[in-house]
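Participant: Top to bottom, those sequences are chains A and B. Residue numbers for the first sequence follow the working numbering, so the first one is 1 and each next one is one higher. Residue numbers for the second sequence follow the working numbering, so the first one is 1001 and each next one is one higher.
Among the hints, a few may not be true.
Claimed, not checked - Here are the simulated BS3-like cross-link-like pairs (lysine-lysine), alpha carbons at most 25 Å apart as the crow flies:
1. A:Lys146 with B:Lys1288
2. B:Lys1200 with B:Lys1288
3. B:Lys1042 with A:Lys140
4. B:Lys1042 with A:Lys63
No lab work stands behind these hints, which were simulated from the structure alone. These numbers come from a predicted model, not from an experiment.
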Amino acid sequence: MLKRKESTINKEKLNRLNRFWVIIIYTTLMLWIIFSILSLIWIIFTSFKSNREIYAGVWSLPKFFHFENYIKAWNVVNLKRFFLNSVIVTFTSILGLTFLCTPAAYVLSRFNFKGRGFLNNLIIAGMGIPYQLLLIPLYKIFLNIKLVDNLFGLILVYITLSMPFTIYLLSGFIRSLPTELENAAMIDGCSEYGTFWRVIFPLAQPGIIAAAIFNFIFLWNEYMLALVFLPSNSNKTVSLGLYSIQSAMQYTADWAGLFAAVVIVMLPTMLIYFVLSERVMTGITLGAVKG
Amino acid sequence: MFRTKRIIWLLVPALLLYLSFFIYPAIQAIYVSLHDWSGFAKKMKFIGLGNFNELIHDRIYWQTLGNTLMILLVGGVIIFILAFLLTSFFTTGIKGKKFFRAVIFYPNVVAPIALATFWSFLYNPRFGLINSFLKLIHLDILAKTWTGPDIIFWSVLVALIWTYVGFYMIILLSGAEKIPQDLYEVGKIEGANRVQMFFKVTVPLIWDVLTVAVVLWIIESIKLFEFLFAFSGGTQVPQQIWTNAVYMFLLSFGKRTAIFRLGYATSIAVTLLMLVIIFTGIARLVMKRERVEY
Chain A
1 MLKRKESTIN KEKLNRLNRF WVIIIYTTLM LWIIFSILSL IWIIFTSFKS
51 NREIYAGVWS LPKFFHFENY IKAWNVVNLK RFFLNSVIVT FTSILGLTFL
101 CTPAAYVLSR FNFKGRGFLN NLIIAGMGIP YQLLLIPLYK IFLNIKLVDN
151 LFGLILVYIT LSMPFTIYLL SGFIRSLPTE LENAAMIDGC SEYGTFWRVI
201 FPLAQPGIIA AAIFNFIFLW NEYMLALVFL PSNSNKTVSL GLYSIQSAMQ
251 YTADWAGLFA AVVIVMLPTM LIYFVLSERV MTGITLGAVK G
Chain B
1001 MFRTKRIIWL LVPALLLYLS FFIYPAIQAI YVSLHDWSGF AKKMKFIGLG
1051 NFNELIHDRI YWQTLGNTLM ILLVGGVIIF ILAFLLTSFF TTGIKGKKFF
1101 RAVIFYPNVV APIALATFWS FLYNPRFGLI NSFLKLIHLD ILAKTWTGPD
1151 IIFWSVLVAL IWTYVGFYMI ILLSGAEKIP QDLYEVGKIE GANRVQMFFK
1201 VTVPLIWDVL TVAVVLWIIE SIKLFEFLFA FSGGTQVPQQ IWTNAVYMFL
1251 LSFGKRTAIF RLGYATSIAV TLLMLVIIFT GIARLVMKRE RVEY
């Protein structure tokens, strides 16, 4: 703590230091913001330019909006098929995660039984295991059960690998719910399962939605696992599609088409982010702060 | 109360999946790392610690480990300094805070492959954004081959820092916002300036959140793969930006020509897990201290 009786010189020095810091922070922040906003605007504008315009000047504005970039990416490169695949994979995974993890989180957070501590630790450990460790053994297992190159196989991988975080987040949420309603339901003669599905599950909606938003963003953007578990050309997710467009760039040199594809890939998560930015940010960091 | 036996069945489906497709392969990985295995159809041959012995003499392994550690340590320090700067700024109650926060966080919502595409164009030496901007303002001399072997690692590190700062800033902010305002009032009355208040009030009170954030960064940075793998612009990933995770992937599933050195690649994956354990252990030890209540 500072003593009140300080010499004026000292105070002046402090003030100068203070101002110095404020200016540094302020400039960093402003440059950062400008760059980030520009990056978005630039990507969108470039996706509407023709290739000739891009080569003529990357900083110029499009003369008119070339929607054909999008039509080409959507139809010719077959991004529409990949987009549909992504929608199927992401939504099925989220549905599966909700109905598997909410009951599991309920049991793990509300009941005392032998081995509960161990199971909780096992699930938390899952958050620290790099996926690279699982990659080869898991691929071998999926080869054996013939689920490689199969959308359902990827869904299974996504569900399993997203479990630790989802259960962790939901456990934290369920633990914060009051127990009175459960007790009341039990006294009214509700069965164990009835209590869960009719009382806890509806009450846990905010937690379930937070987990769903997080998983949507993570799974929509994921591509390492997709690259491994969907090796053939017909069965791609949309980030894999973008990756193959990017890989073909050295032959096509079609930057306009590439950035149209970038916008298509970004659009779903960015839309959710525009509408629910606060919820997305808290959802993503919820687990961290609770821990 | 409820009979616990019946309620356990709510846990079983999730647990079965988790054990068979997460825990079992994780344990099996350690077994695989002790074998010479050169293709999914081939037989494994037990070679004990042979793979790890080969790692010690593998020059590329050490180089990729160096890159992993550079991202973890150098990248980490810069990310946390910036995240702290931004946090201290946002806790002073400036206007437009929500908007600024949302803008800084946005790269964490976008697919890494999309970010990598944008950044490779930004750095493109012939007509990339940076070099053409420099030309525009007649500073051509500053133009560089940003993706040249000497600086590509640093170019990529800048992109990674830009991506991740928002994430850690939000975590630190969520801790800082819980600090009661009266503590700052008291500080103000006592004559403390912004810097002092930051170090004497904010930092101690968000220490727990900071510890979690550091652990998260350790895990994230060690397994980081997608941005690096996609940054190459589709051709071979330049060796200067290979990390352990990239090297492991190239050895197993590869890009165009898969080599399927499965046992050896898995032994690298095991070292990744060891890195996570060692560094989270160090972080927890260094950052351990009494809880501050408020």
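Participant: Let me make sure I understand: some of the numbered hints might not hold for this structure. Which ones are they, in numerical order?
Facilitator: When the structure is compared with the hints, numbers 1, 4 turn out to be violated.
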